[in-house]
Amino acid sequence: IAEGGRVDQEELLVTYHRLERMLSQMYQTYQNRKDACINTIDHGGNCDYEVPEQLALRALYPLSWLKVEGAALYKSQPYEARRLLNQAIDGFTDSTLILLAPELVRENLLGRAFAERELGKFEHSEYARAIADFKQIIKDGPSTRQYRAAEQGLAGTYAAMGRMNEAQGLTARMAEDTNGPNQRGLEMLHLRELFRAEAVESNPGKREQLHRQILDFIRVRQNDKNSWAVAVAATAQFAPDPIAEFGGTDDGFQNWFLANVLYYKHQPLEAAKYYWAAGQSGKYPKAYKYAADLYYAQGRLDMVEKVVDEIASHPGSPDAQWAAYMRFKIPRIEWERGGKRSATLETRWTDGAQDYLKQYPHGQYAFEPRFRLAEMLQRKNQYLMAASQYEQVAGNADYEFTARLNAAECYYHMLVPQGAHNQPGNPAATTKLAADRTATMRALRQAINLEPAAERYVSVSQRHMLHESRGRAILMLATLLESEPAVDYRQVAGLLTGYEAQYPSMNQHFNQIFEWRLEALRQTSQYAELERELANLVAHDAGTAAQNDYIKGIGLDFWKAHQAKQRAGAYADALEDAKLTAITYEYFERMVREDKIPAKDLTGTLSILGESYLARNQVDKAEAIFSQVAKADPGSPDANAGLARIAQMRKNYRDALDLWSRVESIAAESDPLFYEAKYHMAEILAQEGNVNSACSKLTVTRGEHPNLGSPAMKAQWGELQHRLCVNHTEAQG
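Residue 1 is where the sequence shown starts when you use my numbering, and the numbers rise one by one after that.
Think of the hints as simulated: they come from the structure by calculation, not from any bench.
Treat the numbers as computed from the prediction; the structure is a model and nothing was measured.
Do not take every clue at face value.
Heads up, simulated PhoX-like pairs for lysine-lysine below, C-alpha to C-alpha not over 25 Å straight-line [as the list claims (entries may be wrong)]: (1) LYS621 - LYS600; (2) LYS340 - LYS380; (3) LYS552 - LYS631; (4) LYS552 - LYS565; (5) LYS121 - LYS75.
Distance windows between CB atoms, simulated [said to hold, decoys possible]: (6) GLN222 - HIS467: 42 to 50 Å; (7) LYS75 - ASP42: 38 to 46 Å; (8) GLY316 - HIS467: 40 to 48 Å; (9) LYS75 - TYR264: 25 to 33 Å; (10) ASP355 - GLU484: 38 to 46 Å; (11) SER281 - THR15: 44 to 52 Å; (12) GLY205 - ASP90: 43 to 51 Å; (13) ARG532 - GLU484: 24 to 32 Å; (14) ASP224 - ASP90: 38 to 46 Å; (15) PRO315 - ALA453: 33 to 41 Å; (16) LEU19 - GLU201: 36 to 44 Å; (17) ARG337 - THR479: 31 to 39 Å.
For every residue, glycine included, the Cβ atom is placed at its ideal position computed from N, Cα and C.
Based on the provided sequences and hints, a complete structural model is requested.
Here's what the structure looks like:
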């Protein structure tokens with residue numbers, strides 16, 4: 001690391017000194033204890049010095065190695081580097097004099113030999129000592145753990161001394177005899193020595209011989225991916241000029257290898273040049289595409305086109321399909337870069353797309369030319385042909401999703417009646433319209449289902465665009481479903497669940513979406529979910545008066561549904577709608593309570609809230625609401641009617657009659673409460689025994705207002721009049 005210069009040298013020195021202080025302190029502490037113990041023995045005492053001695057040695061071994069490494073940090077300060085190496089040699093030597101285990105002796109000999117080799121850079125006589133130590137370890141045989149490291153160290157020492165033949169011979173033999181990670185390391189070492197030898201060789205003949213050795217060593221390993229990777233990395237690191245070393249030849253292998261080295265060194269345009277040359281040799285057909293890919297990545301479309309033309313001239317090339325695709329892709333890119341204005345480029349990419357699809361209708365790259373042709377047809381309003389092409393797009397999740405969405409939009413355009421053929425009553429037009437609706441909804445469903453998979457393979461920005469497109473597709477499908485003669489409410493409910501949270505950019509459609517979802521949930525009797533939806537709706541204050549009106553409309557729809565179900569005898573569902581009305585309109589009661597909206601501005605809304613409480617037999621809550629309204633507006637027919645009903649339910653007929661009389665006097669004749677008041681007044685009069693007055697009121701009112709406001713009231717009126725008055729007359733007779 002230090003030699004490579006890839007770190008902050010000062011920072012590394014700080015770390016080195018911290019380690020050196022720690023290990024020195026450990027070593028000195030136990031060495032002092034050992035010396036004290038020996039001193040005790042010398043003076044006739046008893047002491048076991050083996051434990052401190054062993055602990056001192058355990059610190060001395062890493063301390064000695066640390067000093068070898070530390071010397072590399074001081075390569076610009078020879079005096080300090082030599083001092084550290086000499087200290088390391090002394091440390092390893094001291095250990096060999098004390099240790100008995102052969103394994104540990106070899107470990108310290110190995111450390112001393114490496115230290116001697118490094119010291120040889122300053123004092124050449126140390127090389128001989130290093131060689132002697134390495135050979136001493138090697139003499140113990142290849143079964144020892146230090147054998148291979150000693151061989152490598154010996155080869156490195158020969159190389160440092162300039163004895164290249166001996167170094168190369170040793171590393172070559174080691175590389176042949178070894179496998180696995182060790183082999184990779186030895187191959188790297190051997191190539192390093194060869195490149196270094198070549199760099200210092202002044203004899204042209206010998207330089208050429210070394211070049212051949214390098215080339216042959218790499219060539220025989222080209223089919224071993226691990227050895228090949230080592231060769232590329234070693235050449236990139238140790239060859240001073242790879243292009244001078246391997247370029248300027250028509251040898252396909254050298255061009256192929258050089259291209260790999262240059263790519264490794266992040267020189268893409270140079271690498272592309274030699275990949276192309278390797279492809280031209282006929283031995284590396286895939287090299288053409290590598291060259292084209294690199295040119296493409298660097299924006300050199302002119303060079304890509306030349307490579308593509310050359311590939312196309314070889315029909316048997318494994319990249320012939322790719323070349324056909326690029327004959328569409330390149331002019332398409334140039335057309336887009338030119339602002340899509342060039343008719344010539346448009347013709348070229350269109351022809352390229354059609355040629356590709358003719359040769360490879362289901363090819364690896366068919367998705368893009370087919371998609372682009374469909375886009376062109378869509379722009380020309382040829383919706384049916386465009387949709388047909390879009391529906392064949394496959395093989396790329398992103399394109400496939402967008403294609404299905406675009407197909408749906410094409411069919412959607414076709415739904416708009418055009419010309420005489422689509423006039424109402426035309427059977428052919430009706431059949432076509434139904435077919436187009438079906439095709440549109442099928443394409444939209446496909447797009448919606450495909451989008452999540454498409455998101456996994458694109459960038460964050462593209463993912464956002466795809467996600468928003470899915471939101472548009474859902475809105476389009478919901479719109480079509482809502483316009484069906486028989487709405488599939490269960491599908492609508494599932495489709496629109498959580499829509500607002502998932503697609504915030506579609507907020508201009510949120511009110512409509514919410515209403516559709518509520519109606520779908522109501523139609524499918526999902527009342528618990530409805531309650532959650534409404535609770536979320538009214539959890540926060542509306543920001544505008546328009547939003548308050550929107551909430552009023554939601555509650556009114558539920559109240560009307562309650563009334564309709566009540567009339568139809570669906571009492572259980574009617575009660576659910578009354579509950580939903582209350583949840584919605586309690587928002588306005590809170591607004592009044594918090595002095596945010598005056599009660600006099602909400603008399604009708606609050607009266608419906610009171611009625612919803614009455615419908616669910618929550619009489620006390622209803623009375624509180626009606627009283628609140630009556631206080632704000634004493635002339636409110638709804639509030640007085642509500643209080644009258646409660647008084648009548650409690651058999652407080654006097655108050656009830658008074659309240660109904662008030663309703664009778666303030667309600668307009670067009671208001672159903674006008675007739676309801678008279679009806680209940682007659683009821684109360686009869687219950688108090690004044691049947692004649694009751695019958696008189698019923699008869700007079702019916703004479704003055706024959707329709708009685710509504711058929712329902714007319715029927716109810718007739719039943720009461722028959723029960724009270726006809727039976728009463730018969731009893732008197």
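Structure-based check of each hint:
With a C-alpha separation of about 19 Å, the suggested pairing of LYS621 with LYS600 holds against the 25 Å cut-off. For the hint pairing LYS340 with LYS380, the CA-to-CA distance comes to about 15 Å; that is within 25 Å, so the pair holds. As the CA atoms of LYS552 and LYS631 are separated by approximately 22 Å, the hinted pair is consistent with the 25 Å bound. This hinted pair checks out: LYS552 and LYS565 have alpha carbons roughly 20 Å apart, not beyond 25 Å.
Note on LYS121 and LYS75: the hinted pairing holds, with a Cα-Cα distance of about 10 Å set against a maximum of 25 Å. The hint said 42 to 50 Å for the Cβ distance between GLN222 and HIS467, and at roughly 47 Å that hint holds. Evaluation of the 38 to 46 Å hint for LYS75 and ASP42 yields a pass: the beta carbon distance comes to about 44 Å. GLY316 and HIS467 have their C-beta atoms about 44 Å apart, which keeps the hinted 40 to 48 Å range intact.
Between LYS75 and TYR264 the beta carbon distance is about 27 Å. The supplied range of 25 to 33 Å therefore holds. Under the hint 38 to 46 Å, the C-beta atoms of ASP355 and GLU484, about 43 Å apart, fit the expected range. Here the CB-CB span from SER281 to THR15 is close to 51 Å, well matched to the stated 44 to 52 Å. Range check, GLY205 to ASP90: about 46 Å between beta-carbon atoms, so the 43 to 51 Å window is met.
The supplied range of 24 to 32 Å is met by ARG532 and GLU484, whose beta-carbon atoms lie about 27 Å from each other. Checked against the given bound of 38 to 46 Å, the beta carbons of ASP224 and ASP90, roughly 44 Å apart, stay inside it. Taken as a hint, the range 33 to 41 Å holds for the pair PRO315 and ALA453, whose Cβ atoms sit roughly 36 Å apart. About 41 Å separates the C-beta atoms of LEU19 and GLU201, a value consistent with the hinted range of 36 to 44 Å.
A C-beta distance of roughly 37 Å is found between ARG337 and THR479, which places it inside the suggested range of 31 to 39 Å.
Hint compliance for this structure: no hint is broken.
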